[in-house]
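Asks: Chain by chain, the residues:
Protein chains: 2
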Amino acid sequence: MHKDIIEKVQALRHFMKQEGFAAFIFPSTDPHQGEYVPAHWMTRQWISGFDGSAGTAVVTTDDAALWTDSRYFIAAEEQLRNTPFRLMKDGLPETPSVTDWICETLQAPKSKNAEDLDETANEKTVGIDGNVFTEADIKAMEAAFGKAGIKLRTDLDPAEILWTNRPPIPKNKVEIQPLEYAGETAQSKIARVRQALREQRADHILVSMLDEIAWLLNLRGSDVHCNPVFVSYILLTLHDVTLFIDNEKLDDATKEYLQSIGVGICPYKKPSTENAGTKAALNPIPEMKAIKNETEIRGFRKAMLRDGVAMVKFLRWLKPAVEAGNETEISIDRKLTELRSEQALYRGLSFDTIAAYGSHGAIVHYEATPETDATLEPKGLLLLDSGAQYQDGTTDITRTIALGPLTDEERLDYTLVLKGHIRLALTRFPDGISGTQIDALARYAMWQHGINYGHGTGHGVGSYLCVHEGPHQIRHSWKPAPLRAGMTVTNEPGIYRAGKHGVRIENTMLIVPDGTTEFGSFLRLEPLTLCPIELAPVIWEMMTCEEADYLNAYHKYVYDSLSPLLDEEDRQWLQAQCSPASCPTGLK
Amino acid sequence: MHKDIIEKVQALRHFMKQEGFAAFIFPSTDPHQGEYVPAHWMTRQWISGFDGSAGTAVVTTDDAALWTDSRYFIAAEEQLRNTPFRLMKDGLPETPSVTDWICETLQAPKSKNAEDLDETANEKTVGIDGNVFTEADIKAMEAAFGKAGIKLRTDLDPAEILWTNRPPIPKNKVEIQPLEYAGETAQSKIARVRQALREQRADHILVSMLDEIAWLLNLRGSDVHCNPVFVSYILLTLHDVTLFIDNEKLDDATKEYLQSIGVGICPYKKPSTENAGTKAALNPIPEMKAIKNETEIRGFRKAMLRDGVAMVKFLRWLKPAVEAGNETEISIDRKLTELRSEQALYRGLSFDTIAAYGSHGAIVHYEATPETDATLEPKGLLLLDSGAQYQDGTTDITRTIALGPLTDEERLDYTLVLKGHIRLALTRFPDGISGTQIDALARYAMWQHGINYGHGTGHGVGSYLCVHEGPHQIRHSWKPAPLRAGMTVTNEPGIYRAGKHGVRIENTMLIVPDGTTEFGSFLRLEPLTLCPIELAPVIWEMMTCEEADYLNAYHKYVYDSLSPLLDEEDRQWLQAQCSPASCPTGLK
Numbered sequence: 007m008h009k010d011i012i013e014k015v016q017a018l019r020h021f022m023k024q025e026g027f028a029a030f031i032f033p034s035t036d037p038h039q040g041e042y043v044p045a046h047w048m049t050r051q052w053i054s055g056f057d058g059s060a061g062t063a064v065v066t067t068d069d070a071a072l073w074t075d076s077r078y079f080i081a082a083e084e085q086l087r088n089t090p091f092r093l094m095k096d097g098l099p100e101t102p103s104v105t106d107w108i109c110e111t112l113q114a115p116k117s118k119n120a121e122d123l124d125e126t127a128n129e130k131t132v133g134i135d136g137n138v139f140t141e142a143d144i145k146a147m148e149a150a151f152g153k154a155g156i157k158l159r160t161d162l163d164p165a166e167i168l169w170t171n172r173p174p175i176p177k178n179k180v181e182i183q184p185l186e187y188a189g190e191t192a193q194s195k196i197a198r199v200r201q202a203l204r205e206q207r208a209d210h211i212l213v214s215m216l217d218e219i220a221w222l223l224n225l226r227g228s229d230v231h232c233n234p235v236f237v238s239y240i241l242l243t244l245h246d247v248t249l250f251i252d253n254e255k256l257d258d259a260t261k262e263y264l265q266s267i268g269v270g271i272c273p274y275k276k277p278s279t280e281n282a283g284t285k286a287a288l289n290p291i292p293e294m295k296a297i298k299n300e301t302e303i304r305g306f307r308k309a310m311l312r313d314g315v316a317m318v319k320f321l322r323w324l325k326p327a328v329e330a331g332n333e334t335e336i337s338i339d340r341k342l343t344e345l346r347s348e349q350a351l352y353r354g355l356s357f358d359t360i361a362a363y364g365s366h367g368a369i370v371h372y373e374a375t376p377e378t379d380a381t382l383e384p385k386g387l388l389l390l391d392s393g394a395q396y397q398d399g400t401t402d403i404t405r406t407i408a409l410g411p412l413t414d415e416e417r418l419d420y421t422l423v424l425k426g427h428i429r430l431a432l433t434r435f436p437d438g439i440s441g442t443q444i445d446a447l448a449r450y451a452m453w454q455h456g457i458n459y460g461h462g463t464g465h466g467v468g469s470y471l472c473v474h475e476g477p478h479q480i481r482h483s484w485k486p487a488p489l490r491a492g493m494t495v496t497n498e499p500g501i502y503r504a505g506k507h508g509v510r511i512e513n514t515m516l517i518v519p520d521g522t523t524e525f526g527s528f529l530r531l532e533p534l535t536l537c538p539i540e541l542a543p544v545i546w547e548m549m550t551c552e553e554a555d556y557l558n559a560y561h562k563y564v565y566d567s568l569s570p571l572l573d574e575e576d577r578q579w580l581q582a583q584c585s586p587a588s589c590p591t592g593l594k
Numbered sequence: 007m008h009k010d011i012i013e014k015v016q017a018l019r020h021f022m023k024q025e026g027f028a029a030f031i032f033p034s035t036d037p038h039q040g041e042y043v044p045a046h047w048m049t050r051q052w053i054s055g056f057d058g059s060a061g062t063a064v065v066t067t068d069d070a071a072l073w074t075d076s077r078y079f080i081a082a083e084e085q086l087r088n089t090p091f092r093l094m095k096d097g098l099p100e101t102p103s104v105t106d107w108i109c110e111t112l113q114a115p116k117s118k119n120a121e122d123l124d125e126t127a128n129e130k131t132v133g134i135d136g137n138v139f140t141e142a143d144i145k146a147m148e149a150a151f152g153k154a155g156i157k158l159r160t161d162l163d164p165a166e167i168l169w170t171n172r173p174p175i176p177k178n179k180v181e182i183q184p185l186e187y188a189g190e191t192a193q194s195k196i197a198r199v200r201q202a203l204r205e206q207r208a209d210h211i212l213v214s215m216l217d218e219i220a221w222l223l224n225l226r227g228s229d230v231h232c233n234p235v236f237v238s239y240i241l242l243t244l245h246d247v248t249l250f251i252d253n254e255k256l257d258d259a260t261k262e263y264l265q266s267i268g269v270g271i272c273p274y275k276k277p278s279t280e281n282a283g284t285k286a287a288l289n290p291i292p293e294m295k296a297i298k299n300e301t302e303i304r305g306f307r308k309a310m311l312r313d314g315v316a317m318v319k320f321l322r323w324l325k326p327a328v329e330a331g332n333e334t335e336i337s338i339d340r341k342l343t344e345l346r347s348e349q350a351l352y353r354g355l356s357f358d359t360i361a362a363y364g365s366h367g368a369i370v371h372y373e374a375t376p377e378t379d380a381t382l383e384p385k386g387l388l389l390l391d392s393g394a395q396y397q398d399g400t401t402d403i404t405r406t407i408a409l410g411p412l413t414d415e416e417r418l419d420y421t422l423v424l425k426g427h428i429r430l431a432l433t434r435f436p437d438g439i440s441g442t443q444i445d446a447l448a449r450y451a452m453w454q455h456g457i458n459y460g461h462g463t464g465h466g467v468g469s470y471l472c473v474h475e476g477p478h479q480i481r482h483s484w485k486p487a488p489l490r491a492g493m494t495v496t497n498e499p500g501i502y503r504a505g506k507h508g509v510r511i512e513n514t515m516l517i518v519p520d521g522t523t524e525f526g527s528f529l530r531l532e533p534l535t536l537c538p539i540e541l542a543p544v545i546w547e548m549m550t551c552e553e554a555d556y557l558n559a560y561h562k563y564v565y566d567s568l569s570p571l572l573d574e575e576d577r578q579w580l581q582a583q584c585s586p587a588s589c590p591t592g593l594k
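Line by line, the protein sequences give chains A and B.
Note that the working numbering gives residue 123 to position 117 of the first sequence, counting from 1, and the numbers run on in steps of one.
Note that the working numbering gives residue 255 to position 249 of the second sequence, counting from 1, and the numbers run on in steps of one.
Bear in mind the hints are in silico, worked out from the structure with no lab data behind them.
The reader is advised that the hints may include incorrect statements.
Same chains, same label: a pair holds when it works inside one copy or across any pair of copies.
Here are the simulated lysine to any residue pairs, SDA-like style, with alpha carbons at most 25 Å apart [unchecked claim]:
no.: 1; residue 1: Lys-153; residue 2: Glu-262
no.: 2; residue 1: Lys-153; residue 2: Glu-280
no.: 3; residue 1: Lys-506; residue 2: Glu-524
no.: 4; residue 1: Lys-195; residue 2: Tyr-560
no.: 5; residue 1: Lys-308; residue 2: Ala-197
no.: 6; residue 1: Lys-9; residue 2: Thr-243
no.: 7; residue 1: Lys-9; residue 2: Asp-566
no.: 8; residue 1: Lys-95; residue 2: Phe-139
no.: 9; residue 1: Lys-153; residue 2: Gly-283
no.: 10; residue 1: Lys-153; residue 2: Thr-375
no.: 11; residue 1: Lys-9; residue 2: Ser-103
no.: 12; residue 1: Lys-506; residue 2: Gly-26
no.: 13; residue 1: Lys-275; residue 2: Asp-252
no.: 14; residue 1: Lys-285; residue 2: Gly-155
no.: 15; residue 1: Lys-261; residue 2: Thr-66
no.: 16; residue 1: Lys-275; residue 2: Glu-41
no.: 17; residue 1: Lys-179; residue 2: Phe-79
no.: 18; residue 1: Lys-157; residue 2: Glu-280
no.: 19; residue 1: Lys-285; residue 2: Met-147
no.: 20; residue 1: Lys-341; residue 2: Leu-571
no.: 21; residue 1: Lys-285; residue 2: Glu-110
no.: 22; residue 1: Lys-308; residue 2: Arg-159
no.: 23; residue 1: Lys-23; residue 2: Gly-462
no.: 24; residue 1: Lys-276; residue 2: Ile-182
Please model the entire structure based on the sequences and the hints provided.
Replies: In structure tokens, the structure reads:
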């Protein structure tokens, strides 16, 4: 069992012995700190066999351990069975940190055996591939290990030597994102970054985040699952911009474009900043990228129209199809993707669709597999979180759909989530406050019922870039980045009852100015997403007139926007979905 | 003009020259980091003449400057005229920090004159009285000055030598706070602190905050304005507790008590921790002190009854008195204090009363002086923020009172503040979240009208201790300390219109458990303060039935609690004030 893992660890230990390593660390990160790691950098999965999205493997000369968090305890237990790795349950009070464990393990007196006599130096060395850690992480590790008299070596990647058939770094072609979608030239963006450098009295910045590079240069790629980015680095100084990229990825037109905007090209590798200057800038790109320009906002609106058409066609199709039988989580995902792919400027999904029926809805990051794929029945709730990449904008929408009769608890949870979603959408708030400072408004209604959810309430969405984009978030934990006009942000409260159901209602919103008074400037969230919100599950006695008014106004906006783009049958269906809910009597 | 300030600075410079100082810093802090500074430590006021609550004076051999914030720009300008001090406006982008200014000033090439030739060493020395800064502040200064090649000397206080008639350190007697009010013996508290030390693997803690010392030893004093504390330090190790205090402050009974609980006594000075151990603990006392025990909570309830009786007598008296004429901000403050002082266990005010009429209400920390004292007229709003120290509990209450006809804007602002106050009081929230995470609920209603306020929404209140108590707060800016059952916290949103009026409505609340569900434990705020909230200004069309219900329930609670303690006339007045507001029609 797991002979390959045992053999790999043996080979690694041989290599470590030769090179003088006492331990080697394999994280789940890549050199570009993105949400998805290209296969080339999945060294932790390669050495340990554990395939969760988060985890750190450590191999010492006579021990091996893998850290992962509670989402993966069961899967990891399974996957690590009969391997040299023991599971370290991250987040439990008794679990040591990776560095603490290494310090303790390496300092423990070792059994005196023949092999140990080979060791000549007393100083232990821990190895990492320095490319896949941030500078801050490396400094923190150096400090922790330094106290224990342990050295950190960062310049060797054993997978480069030991991993046979290692997937190559993707070499997909880079494409130019035209100004009609980008709305600002790369030269102008570069000039703004340089201005920020000057304001900070800094002289250079090394950009390793792939979406920042794509945004800055108005280029897109296809190297990373669901994210239209390409593997590269940028080193930007007050005088030069150099793109470190594999030459094969650039066709002549792109090379010409790069030359025309004054960007030099070097082979792909992490740039040395030694000659770039003495002071690195704090990265100004995340906030610049987060604030969409007028062209990008127009693009979002157009993309939402197309995405809304696909969603309407899908939703009209869905219930009869479920009633006819034989539809599953995977089959409806396929159907929805097909409808989206028929839309103009479609470039792929912005993330893997979450189509989660019944109790699967309570698994927050559920992705149906052939083993779990549930057949949809005409009852209960379907949670459907999906989105697409269009060249003019990225979409992210969640609808929770009643496939038939619901329990009282399902209706209650649906109504509370909807109330939270609407409250946040109705909130006017001071310019520049952080998302943490308004997060409670999405939770208030459910808190009153003793209900809460563990995920964030909102994240930025890129313009034909990553669907999860910073620096701002609407989140319970403290995220200081201010909310600013022009940013996109999702509004997605949820309720999850293990073994029963999940509810989430999500629109992508645009942060817009909402007037200035003697007390300052105010902002609010305006929905970009165009798709009806199901009203069948709503317990109207729990809704206020203000909330009903919001729903009516939103549905009028959806209908007015989408109806000209629909055929007659779809239009009639949408009209029925968007018909006004009258403000019920007995409202609080 | 200001001959005395000029002479003091001259004397100081002479002293600095003798001792080799290039600059000396006088902050507004004292050795115990309290809200009020005993006169003995007001060295910044002594050297500069500036008497604001916040400010830092710096004197160099040929320059002098005083930093203060925008609250005091006008007063400081006035008070520093014709002194050697120039005003540095803290918080403005062009204003350098104290350390930056000192570094630049000391590094600037000096005019070559005879005096300079005296200087033999190149290294400049900046002086502070190390006792009045925290360790962290000293370290930060050392780091900042170190980079500029400047030394920091902390062991000399020139005021000790130069300040003639310096007020002595208060020598008031210390009193025992009996167990019937404290609810936990000092031995038990000490044992809990030691347990926290062990959990942190620490071996000692130096306690310098006076309310922490008073809480830990179940002692009270009268050394600080409005705060029943006494000047001292505690050094606590796993084996010893030593109180550093002036012997004159202890009578025989207190000495005996201290001996009985195993607390040693040393003369007052900042203890050296050199022999105490190697690892200082993170201070566990603020959270321990913040969570009130059953006895303390019972004491709060009893104190609130007495405070409520005084408030009811005052409020019944107020409007006829104003109509009769000749009442002013100061005269009503005197009346209220008198009524409070008649109550059992009264020990003084918990802070200086804010009685702010009309436009004075917009000045958040207004304190009437003979020069500003306004005569109250039967119109407009009176903002009255006050509280008392009772031996069984500390009170803090704000009521905004309509003395007669109001403007529409006054009624709107009152209604929005009331809605915010009620919303926060109605909120059920997850156990352990921070006050920042619920702060928006008090602001939501006014945000919708483009209104906001700059102060915090709530602070802890001590048990016969400081009226402003940490570590938790309900505040817009990030305060991570969790809200826990048993903590007190105020609920005090406000609206302030410069030149017009101010509104604030404040109850002191107790954080209480509110059930556990599958989603975790929940808490809510229960009012401790017992005093009717004025309903005359309320715009009922803006209120919800839920809000009206809350007011009715609160008023029933107030009436039921206070009426047995009132004479017939007061009772009838209270009954009228607490009569139920019927849930109006047309509510949202």
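Asks: All hints, please: hold or fail.
Replies: Each hint, compared with the structure:
1. Lys-153 <-> Glu-262: neither (51 Å within a copy, 47 Å between copies)
2. Lys-153 <-> Glu-280: between (27 Å within a copy, 23 Å between copies)
3. Lys-506 <-> Glu-524: between (49 Å within a copy, 13 Å between copies)
4. Lys-195 <-> Tyr-560: Neither: 35 Å inside a chain and 58 Å across chains, both beyond 25 Å.
5. Lys-308 <-> Ala-197: neither (29 Å within a copy, 66 Å between copies)
6. Lys-9 <-> Thr-243: Neither. Shortest intra-copy (50 Å) and inter-copy (55 Å) distances fail the 25 Å Cα cut-off.
7. Lys-9 <-> Asp-566: Classified as neither: same-chain Cα gap 62 Å, cross-chain 77 Å, threshold 25 Å.
8. Lys-95 <-> Phe-139: Within one copy only: 22 Å inside, 43 Å across.
9. Lys-153 <-> Gly-283: between (31 Å within a copy, 20 Å between copies)
10. Lys-153 <-> Thr-375: neither (46 Å within a copy, 59 Å between copies)
11. Lys-9 <-> Ser-103: neither (28 Å within a copy, 63 Å between copies)
12. Lys-506 <-> Gly-26: neither (53 Å within a copy, 76 Å between copies)
13. Lys-275 <-> Asp-252: within (9 Å within a copy, 68 Å between copies)
14. Lys-285 <-> Gly-155: For Lys-285 and Gly-155, only the inter-copy Cα distance (21 Å) is at most 25 Å; the intra-copy one is 30 Å.
15. Lys-261 <-> Thr-66: Result: close neither inside a copy nor across copies, 45 Å intra and 60 Å inter.
16. Lys-275 <-> Glu-41: This pair counts as within: shortest intra-copy Cα distance 20 Å, inter-copy 56 Å.
17. Lys-179 <-> Phe-79: neither (38 Å within a copy, 60 Å between copies)
18. Lys-157 <-> Glu-280: within (23 Å within a copy, 32 Å between copies)
19. Lys-285 <-> Met-147: So Lys-285 and Met-147 pass the 25 Å test inside a copy (22 Å) and across (23 Å) alike.
20. Lys-341 <-> Leu-571: within (20 Å within a copy, 73 Å between copies)
21. Lys-285 <-> Glu-110: The answer is between: 21 Å across copies meets 25 Å, while 36 Å in one copy does not.
22. Lys-308 <-> Arg-159: For Lys-308 and Arg-159, neither the intra-copy (50 Å) nor the inter-copy (66 Å) Cα distance is at most 25 Å.
23. Lys-23 <-> Gly-462: neither (45 Å within a copy, 59 Å between copies)
24. Lys-276 <-> Ile-182: within (23 Å within a copy, 67 Å between copies)
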